[in-house]
Amino acid sequence: MRRTGAQIVWEMLEREGVEVVFGFPGGAIMHTYHPRQEYGIRHILVRHEQCAAHAADGYARASGRVGVAMVTSGPGATNLVTGIATAMMDSSPIVCITGQVPTAVIGSDAFQETDITGVTLPITKHNYLVTDVNDLAYVIHEAFYIARSGRPGPVLIDLPKDVQQAETDFVPPEEEVRLPGYRPVGPGGPEVVRQAADLINDAQRPVILAGHGVLMSGAMETLKTFVKKTETPVALTLLGKGGFPESHPLALGMMGMHGEAFVNQAIQEADLLLAFGMRFDDRVTGKLERYAPQARKVHVDLDAAELNKSVSVDVAILGDLRQVLEQLLPLVEPASHREWLEQIERWRGESQTRDIVNQSDNGHVVAPQVIHALWEATGGEAIVVTDVGQNQMWAAQYYHLDQPHPFITSGGLGTMGFGLPAAIGAQVARPDKEVWAVVGDGGFQMTVHELGTVIQEQLPQRIALFNNNCLGMVRQWQEFFYDRRYESTHLLNPDFVRLVEAYGIRGWRVTEPGDTQQAIAEARSHPGPAFIEFQIVQKGQDGNVYPMVPAGAALHEMIRRPTPAAEAREKQGG
Amino acid sequence: MKSTLIALVEDKPGVLNRVASLFRRRAFNIESLTVGHTEHSGISRMTIVVDSDRTDVQKVAQNLYKLVNVIRVEDVTEQPVVMRDLALIRVRANGSTRSEVMQIVDTFRARVVDVGLETLMVEVTGAEEKIDGLVDVLRPFGVMEMVRTGRVAMVRGTMNQ
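Sequence order for the protein chains is B and R.
The first sequence: position 93 = 93 (this note's numbering), numbered continuously.
This note's numbering runs 574 ahead of the 1-based position in the second sequence.
Extracted from the complex, chain B is given alone in its bound form (with noise of 0.2 Å):
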């Protein structure tokens, strides 16, 4: 059977499930598109490049499949870079197809030549430049292997043009992959186990800490039944949400600078703490040297690396979470910790006098609130997709995930405009599914231009911007640290309204505390791609995230949203 290189690509996408391309098509790449349409393959057309990364890693996301962006060579494949290190850095498993200038002048700084394999080399799982076609298919089928097994992460594959040209005998590889010291997934190991049972038959205040490995292992139900066995509370990080019902009388919420106060707290006066597929991010521990001082810990995560990496660990265990788990559950014994229940519940009580959700209208629209009124009218089971900055965290904070399905947000990089491409990959993911970007009018700017990808797509997507006019997070830091000096935070915007109805998108916009919920009402039952811009202040309680751990503080040591009492206190004293 007699192939092209670009044949062998489209062949061996079908082969390994490949539904959708998220892609732009340039020079070093045609080749490769010209065939396209002989193949079951749909493919999306992006605006920019990185967004063609960030829609694969959306999908991937909402899918738990492999995601994948083809682009072409030089600036194509330099634009991906940044969605590349967001995928790399929240463990998304994405294949990159990138063209690249003949092998005959590879190093003679062709037209739109880059090393793009030299450039990713830190922020890919793995990648290639395929220099012979019979190469091909098999690279093909172990770059997917790669990308979704074990730790995932995105892979990268080269494919200069005359490949891309050459005819080869095709031949579909076998299953099997070839890779000598690609060990996906580590031992555990009976002796580790049953030295982290000991731990947790002993602890008295115990804290579960649950990321994003939860999810990735399919641990959520087995997390269940342990934490009921265990009586321990959990605790989530950003990516972990989605791993076990926040609603659960055992949840406690998200931890770290932004989490709740009484998660931290309770962390910070633990005696144990078992750390389940998570990294120890400095977001989430605070000052490292006064972490949880009085806890031991036990660490489940299946990439050595991550094992005493920044926090040292009692006991480590290299293996699946689910796996671990499984083993764990026999060996540890059913407990009771009533009384540190109830210590943290008179915790998560004094916190929420504070939550701002329960205070009255004050004419502000309130970004937590206007959350609050969309996890309600979506009775929670929309996938929320977020941009980064302050929107994260509010959306993160107040829309509760109790569906088994992940939180989309750039956790690791802390991507600006990740938002909206990643929401149109995961609305292609899941057509069946409501999902809604919640963005800043800071990065919706920097990938705006996706609106066009959507109208063409015909893509039922939902929009939520909360505009500030200005870059909220780095402004609530120099209001915070920096002598209120509000340098290059302020934004001059375009009348949003205007823009998305330019694209063809209905657009609402709410100034009014009071007309959010018949906003998110119309937007929902709006039959195409619907968006609202929230108008909210930028200072005060109303427009900063609270609560907040200042940089280098310890994780319990919060910044907490002023009370109204202290709020007068301070309009007195000027």
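Just so you know, the hints here were simulated from the structure itself, not pulled from any lab data.
Every residue, glycine too, gets a C-beta built ideally from N, C-alpha and C.
Where hints are given, some of them may not hold.
What follows is a set of in silico ranges between Cβ atoms, one per label pair, in the way DEER data are often shown [unchecked claim]: (1) S615(R) <-> E326(B): 37 to 43 Å; (2) P184(B) <-> A601(R): 55 to 61 Å; (3) H614(R) <-> D282(B): 39 to 45 Å.
Following the hints, put chain R in place on chain B, whose structure we already have.
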């Protein structure tokens, strides 16, 4: 303290680059790195010397394993090993000093591999300390050029697979 790691890697284009890039990205301090063929075609062997006071050797090994092309990593620091470094040294040696230099070379069980009018090229193999010692003694004569391979290492005794 210096620690020695042996890494077996797939002999594929760019593997050395991947290893070097990893060390740079994770800010690992590497004293030396040698690479060469092994008894198996398609597999190369790296000997990596790490300053373990500044870099966590365990972390180096764990991160090396994350590279898809790395097959096996072994920390042989605590094992009985034969460690060798090879140096070529061009030393000034004219008529009046030549015999003295050659005596020193003999004492260190090194060899003269090339003779010029005013110079000798010396080849020496051994532990790094021995080579350092030879270089120290030759320096007063004038060491004009030197190249060292960096450490290679192999565990003593029968190989346990």
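- Broken hints, by number: 2
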